[in-house]
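> Next come the chains, spelled out residue by residue.
Protein chains: 2
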Amino acid sequence: VAPLLPSADLPSGCTVVELTVRGDERGSLVALEGGRDVPFEIARAYYIFGTQAGVARGFHAHRRTVQMAVVVRGSCRMLLEDGERRTWVTLDRPDRAIVIGAMVWHEMHDFSDDCVMLVLADDHYDESDYIRDHATFVRLIEGGNA
Amino acid sequence: VAPLLPSADLPSGCTVVELTVRGDERGSLVALEGGRDVPFEIARAYYIFGTQAGVARGFHAHRRTVQMAVVVRGSCRMLLEDGERRTWVTLDRPDRAIVIGAMVWHEMHDFSDDCVMLVLADDHYDESDYIRDHATFVRLIEGGNA
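Chains as they are written, first to last, in the numbering used here: chain A, 1 to 146; chain B, 1001 to 1146.
Source of the hints: derived by calculation from the structure; they are not laboratory data. The model shown is predicted, which means the values in this text are computed figures rather than measured ones. Just so it is clear, CB atoms sit at the ideal spot from N, CA and C, and this is done for glycine as well. Hints may contain errors.
[Claimed, not checked] Here are some chain A residues the structure puts well away from chain B; computed CB gaps all over 12 angstroms: (1) V66; (2) R85; (3) D133.
[To be verified] In silico contact screen, one side only, chain B against chain A (beta carbon under 10 angstroms); selected entries: (4) G1023; (5) R1026; (6) V1055; (7) W1088; (8) V1089; (9) F1111.
All chains, please: the whole structure from these sequences, using the hints.
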């Protein structure tokens, strides 16, 4: 499996993780052990499905929460942006995850009809952790770099 | 959503959990917060996919590990057995999970081609936690009831 992108080309705090597939004649299994395959303890899991053609999701950054996303069925494209780098990645393999660092703006586009995206997060849901306005995100990033 | 089965009909330690779908015009999302929607802290997540027609999986019980399984795409049937009850459940909804208690023999059958099963576990992988021989399982269960 060729790397999706060198992690150096990804926004700060983002990495591609190649996952081990335990496959045999019965099918395939990918295990994600918190603190081992996943670079944090898993506080929350969620999955996105039933996405409609032409619909995009995300459009936010997290102040603190770190996540790992893997498209377990189908495909989508993700835009990741940290204020310096703005990178598109295609997620279309159940054996390849992307870690999304804190303070990374992300958008998901071009969902296939059958797309199921699994996301693991290092913290519970907290609306105050979300930055949903892009101008605010840019201002906070630039303030941090000043 | 009608209950899959009254939990009273399920083996000891097993329950059906109806999950809240956060759906809108963008699609659907189900969140599983460790210790809240999931009746334990999440140590490990794994997913099974690429199952072939006619293939069955599982055929074990865990001495201690408790798990929650949800079929996020497609369908399969699961056999659950605690020595007293032997119950089949159909898993075919992304908004309905089953908690599999410790010391419950389980088998998965009749996977659809597109089946993706997500499982969350309360502990890391440990081969010594598995009972893979049915006669041993029955002996341990009967010993426990004696």
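> Look at each hint and say if it fits the structure.
Now the hints, each set against the structure:
1. No beta-carbon of chain B comes within 12 angstroms of the beta-carbon of A/V66; the shortest separation is about 15 angstroms.
2. With a cut of 12 angstroms on Cβ distances, A/R85 stays outside the contact zone with chain B, its closest approach being about 26 angstroms.
3. Annotated as non-interface, A/D133 keeps its C-beta farther than 12 angstroms from every C-beta of chain B; the closest such distance is 18 angstroms.
4. Interface restraint check: B/G1023 against chain A, minimum CB-CB distance 7 angstroms, threshold 10 angstroms, status holds.
5. Because the closest C-beta pair between B/R1026 and chain A is about 5 angstroms apart, less than 10 angstroms, the hint holds.
6. Nearest Cβ of chain A to the Cβ of B/V1055: about 5 angstroms, under the 10 angstroms cut. The hint holds.
7. A least Cβ separation of about 19 angstroms between B/W1088 and chain A goes past the 10 angstroms threshold, and the interface hint is therefore violated.
8. With 10 angstroms as the threshold, the beta carbon of B/V1089 stays out of range of chain A, its nearest partner Cβ sitting at about 20 angstroms, so the hint is violated.
9. Hint on B/F1111 holds. Least Cβ distance to chain A is approximately 7 angstroms, under the 10 angstroms limit.
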